[in-house]
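J.: For reference, the chains in residue letters:
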Amino acid sequence: DSGVTQTPKHLITATGQRVTLRCSPRSGDLSVYWYQQSLDQGLQFLIQYYNGEERAKGNILERFSAQQFPDLHSELNLSSLELGDSALYFCASSDQTGGGGNTIYFGEGSWLTVV
Amino acid sequence: GQNIDQPTEMTATEGAIVQINCTYQTSGFNGLFWYQQHAGEAPTFLSYNVLDGLEEKGRFSSFLSRSKGYSYLLLKELQMKDSASYLCAVSDQNNNAGNMLTFGGGTRLMVKP
Numbered sequence: 035d036s037g038v039t040q041t042p043k044h045l046i047t048a049t050g051q052r053v054t055l056r057c058s059p060r061s062g063d064l065s066v067y068w069y070q071q072s073l074d075q076g077l078q079f080l081i082q083y084y085n086g087e088e089r090a091k092g093n094i095l096e097r098f099s100a101q102q103f104p105d106l107h108s109e110l111n112l113s114s115l116e117l118g119d120s121a122l123y124f125c126a127s128s129d130q131t132g133g134g135g136n137t138i139y140f141g142e143g144s145w146l147t148v149v
Numbered sequence: 019g020q021n022i023d024q025p026t027e028m029t030a031t032e033g034a035i036v037q038i039n040c041t042y043q044t045s046g047f048n049g050l051f052w053y054q055q056h057a058g059e060a061p062t063f064l065s066y067n068v069l070d071g072l073e074e075k076g077r078f079s080s081f082l083s084r085s086k087g088y089s090y091l092l093l094k095e096l097q098m099k100d101s102a103s104y105l106c107a108v109s110d111q112n113n114n115a116g117n118m119l120t121f122g123g124g125t126r127l128m129v130k131p
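Respectively, the protein sequence lines represent chains A and B.
One point on numbering: in the numbering used here, the residue at position 47 of the first sequence is 81, and numbering is uninterrupted.
One point on numbering: in the numbering used here, the residue at position 79 of the second sequence is 97, and numbering is uninterrupted.
Because the hints were derived from the structure by calculation, they are not lab data.
These numbers were taken from a predicted model, which means no experiment stands behind them.
We put the beta carbon where it would ideally sit given N, CA and C, even for glycine.
Wrong hints could be hidden among the right ones.
Claimed, not checked - Below, a sample of chain B positions facing chain A; criterion: calculated Cβ distance under 8 Å:
#1 A34
#2 E59
#3 P61
#4 Y66
#5 G76
#6 M118
#7 T120
#8 G124
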């Protein structure tokens, strides 16, 4: 158990809908990262927050948005869902904002299926 | 930007040794990570290299050559439970905003009896 908690674990929704994925980082971690992993694909970095502020943005679609709250939990909002958005969405956390030795720890992921 | 290459699949025999290679190109380098990921599960941290050389941790070792942009993960005394994907990830020093790890596509290792 990495200490990173994600909900829901599984979600099935229809095209055009909107969903929110939630993440609670490890205790004491200030950075939260979101990754997308499609079937048989690598991990694609979406976005990073540090202590409530956006710090890095990767290949995140405009239909997707995220935020980190004062209690450090984060939410990833996915709207106008398309079939291609079906994927495993991982949240990860770390205790720093930078530095190569800063290991990030992953949650169990949220399986999103768009039908 | 970053470009990370690793073989898509490898097969090895239980009890044997396997080496998974990773090459990378990056505008700035601030460390290389290896993660293990079983299908449908979270990636779990295996190793971190920032200096050249070999880091040994039990049955797993990781090597880095910064001048060659090359790393490998060495797995010894393979067990069936080692069947998983192994992800090479590079941390970019130029990303001042945060520790954005960029992952390779992963190497799916199948261990056979």
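J.: Run every hint past the structure and note whether it holds.
T.: Now for the hints, and whether the structure bears them out:
no.	hint	verdict
1	A34	26 Å, violated
2	E59	7 Å, holds
3	P61	5 Å, holds
4	Y66	6 Å, holds
5	G76	17 Å, violated
6	M118	5 Å, holds
7	T120	7 Å, holds
8	G124	6 Å, holds
Checked against the numbered hints given earlier, the structure breaks hints 1 and 5 and satisfies all the rest.
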